[in-house]
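Please model the complete structure; the sequences and the hints are all you need to start from.
Single-letter residue listing:
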Amino acid sequence: MILIDMQTDRFDPEKSEFLQPSESEIQTWMSKAFDMGIEALENGEVPVGCLMVYNNEIIGKGRNEVNETKNATRHAEMVALDQVLDWCRVREKDPKEVCEQTVLYVTVEPCIMCAAALRLLYIPLVVYGCKNERFGGCGSVLDISSDHLPHTGTTFKCIAGNRAEEAVEMLKTFYKQENPNAPKPKVRKDLVSPPGGAVVIQVNQGPQH
Amino acid sequence: MEPQAKRRKEMDKCDTWDVLPVLSDEKSRDTELLPAYAAPIIEKRETSRLVKELSLIYPLPGLQHIKRVRACKDKSSPHPLEVIVCLARDVAKGVMPADLLRSQSFDSSGLGEPFLVEIPANPPLTRPQFEKASKHWPTSFHEDKQVTSALRGQLFTADQKAKMQDYMTAAVQAAKSGREMGMDAVGAVIVDPESEQIVAVGHDCKRGAQPLHHAVMVCIDLVACGQGGGAYNYEKYPACQFSSSDFFRNGCNSKETGQPYICTGYDLYVTREPCVMCAMALVHSRINRVFYGAPSADGALGTKYKIHCQKDLNHRFEVFKAVMLNACEALHKK
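Taken in order, these protein sequences are the chains called A and B.
Quick note on numbering: the first sequence equals residues 1 to 209 in the UniProt record's numbering.
Quick note on numbering: the second sequence equals residues 1 to 334 in the UniProt record's numbering.
Source of the hints: derived by calculation from the structure; they are not laboratory data.
You may find that some hints are simply not true.
Think about it this way: if two alpha-carbon atoms lie no more than 20 Å apart in a straight line, the pair counts; the simulated EDC-like pairs of lysine to aspartate or glutamate are [unchecked claim]:
{"id": "1", "chain 1": "B", "residue 1": "LYS206", "chain 2": "A", "residue 2": "ASP82"}
{"id": "2", "chain 1": "B", "residue 1": "LYS311", "chain 2": "A", "residue 2": "ASP143"}
{"id": "3", "chain 1": "B", "residue 1": "LYS206", "chain 2": "A", "residue 2": "GLU97"}
{"id": "4", "chain 1": "B", "residue 1": "LYS206", "chain 2": "B", "residue 2": "ASP298"}
{"id": "5", "chain 1": "B", "residue 1": "LYS306", "chain 2": "A", "residue 2": "GLU133"}
{"id": "6", "chain 1": "B", "residue 1": "LYS163", "chain 2": "B", "residue 2": "GLU196"}
{"id": "7", "chain 1": "B", "residue 1": "LYS311", "chain 2": "A", "residue 2": "ASP147"}
{"id": "8", "chain 1": "B", "residue 1": "LYS236", "chain 2": "A", "residue 2": "ASP86"}
Pairwise CB distance ranges, derived in the manner of DEER restraints [said to hold, decoys possible]:
{"id": "9", "chain 1": "B", "residue 1": "GLN154", "chain 2": "A", "residue 2": "HIS151", "range": "29 to 37 Å"}
{"id": "10", "chain 1": "A", "residue 1": "GLY44", "chain 2": "B", "residue 2": "ARG89", "range": "53 to 61 Å"}
{"id": "11", "chain 1": "A", "residue 1": "GLN177", "chain 2": "B", "residue 2": "ARG289", "range": "30 to 38 Å"}
{"id": "12", "chain 1": "A", "residue 1": "GLU39", "chain 2": "B", "residue 2": "LYS145", "range": "47 to 55 Å"}
{"id": "13", "chain 1": "A", "residue 1": "GLN101", "chain 2": "B", "residue 2": "LYS236", "range": "25 to 33 Å"}
{"id": "14", "chain 1": "B", "residue 1": "ALA209", "chain 2": "A", "residue 2": "GLN101", "range": "15 to 23 Å"}
{"id": "15", "chain 1": "B", "residue 1": "GLU131", "chain 2": "A", "residue 2": "GLN101", "range": "53 to 61 Å"}
These stretches of chain A come out as covered by chain B in the derived footprint (C-beta under 8 Å, 3 or more residues) [as the list claims (entries may be wrong)]:
{"id": "16", "stretch": "62 to 70"}
{"id": "17", "stretch": "85 to 99"}
{"id": "18", "stretch": "104 to 113"}
{"id": "19", "stretch": "134 to 141"}
{"id": "20", "stretch": "148 to 161"}
Every value quoted in this text rests on a predicted model; they were computed, and no experiment measured them.
For each residue, glycine too, the CB sits at the ideal point set by N, CA and C.
See below:
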């Protein structure tokens, strides 16, 4: 069952023609995104799966790379968008033309920063699983996906709620399994060691408390 | 380091600029008013009884900041005190003000005829709000002295402003270097205010294949590079630089934490107000404070949003604008 966001109504039907993915397409790509999430979970990483699909082809895939880059902006979506740009460069395609026909499938609602990045690159449609109550930029905290921002690319449409419970469960499992590790206050304050440090950032990225 | 006297002299030569705080909507909004009925207290010795009884019959929920009684400003007034009876919205339709007191089961002796006043709907959070509110009806006010002096442009000393000018000058320089390479003229500098050292300098690098490389995103990644991380290589951009965190580890003021962690404790100086993406990137990076020059049309630290004081987000920070405003605005003029 898919819950369609309010924003759907505001979407220009002409523009959406090519990317009204069918129910079965959505299921296929979302299940790939969930596989990525599960894989991340098994590797002790934030279980967010994210892929960018253009013409029935995955041209960008991402997982959270905050810890290895020590850069808190390296969310799965930002990593995937960089891959899309690389894909365009290698094929000498115009990024805007490609992005305008690319759909993002992601297990969790993109955060405010990622939502703005998606706008800036003209991604027209995002299909996501669960809400991100703490950082969500597609209606949860702010509605960057549809607010009037004439200098920030274009608005995008969202199809929300695809396998939302599963996405939440995945995140909960992640935080549960990290909790015993949650280091003594001192380490937490120090924010040094990669596994401990990871928790400090990632706990705050989860949509669930 | 330059002698202070020289710094001051240089500052005098420059355009004067203020550092203005970008406050939350609650702190910067106009005084909202609620119509209410007040009545003169004719018998002063009845005051405490009247206040007690009125508060029981007409409590003022959510208006704890309102002082129930005020002294009449006008010395020639026949009565020295006035008391709030109730909010106008609590009066049933068809009830005349004069009936307000009579219709209640309380002893209104000592009270005069009710009349309409306007009282501030919200507790004042800043001195300007307090001063405006007080013109209508007295309220309590818990002053945040820092906000008061920030609003007066007196939060920072001349020495602090001279340092700000050094940092913002570096950002303006970076913006110009970027512009020479065909980029948008936006520059950013991240500073460790404890050591007063510049940690990273960056400029817009959007042109070409990286449309998301706004100056702030570049600067955040440069900080990561200095900490042994980083997602990109900036060899092509000589003006984009970072200092290695070895410095901080060996530095005499090396903090208890040993190693710096993302942008915790750092200040950002940027020539133009950050967009939504960059502003949220600063939240994720735990920036300490942001100083910017010129506002931007879709700006997210004051113009369109105030992401730095957005409710629900897990990190907030102070933002100041108009630092070297003219020099920053000039970057965008041909």
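Consistency of the hints with the structure:
1. B:LYS206 with A:ASP82: Within the cut-off at roughly 13 Å; holds.
2. B:LYS311 with A:ASP143: holds, 14 Å
3. B:LYS206 with A:GLU97: Holds, because 17 Å separates the two Cα atoms, which is no more than 20 Å.
4. B:LYS206 with B:ASP298: Holds, at about 17 Å.
5. B:LYS306 with A:GLU133: holds, 18 Å
6. B:LYS163 with B:GLU196: holds, 9 Å
7. B:LYS311 with A:ASP147: holds, 18 Å
8. B:LYS236 with A:ASP86: holds, 17 Å
9. B:GLN154 with A:HIS151: 29 to 37 Å: Given range 29 to 37 Å: holds, Cβ gap about 34 Å.
10. A:GLY44 with B:ARG89: 53 to 61 Å: The hinted range 53 to 61 Å holds for A:GLY44 and B:ARG89, with Cβ atoms some 57 Å apart.
11. A:GLN177 with B:ARG289: 30 to 38 Å: For B:ARG289 against A:GLN177, whose Cβ atoms are near 36 Å apart, the range 30 to 38 Å holds.
12. A:GLU39 with B:LYS145: 47 to 55 Å: holds, 53 Å
13. A:GLN101 with B:LYS236: 25 to 33 Å: holds, 30 Å
14. B:ALA209 with A:GLN101: 15 to 23 Å: holds, 19 Å
15. B:GLU131 with A:GLN101: 53 to 61 Å: Distance hint for B:GLU131, A:GLN101 holds at roughly 56 Å.
16. 62 to 70: Our answer is that it holds, as 4 residues pass the Cβ test (under 8 Å) against chain B, meeting three.
17. 85 to 99: Result for this restraint: holds, n = 5.
18. 104 to 113: holds (count 3)
19. 134 to 141: With 4 residues close enough to chain B, the hint holds.
20. 148 to 161: Coverage by chain B holds here, the residue count being 4 at a Cβ distance below 8 Å.
In this structure, every one of the numbered hints holds.
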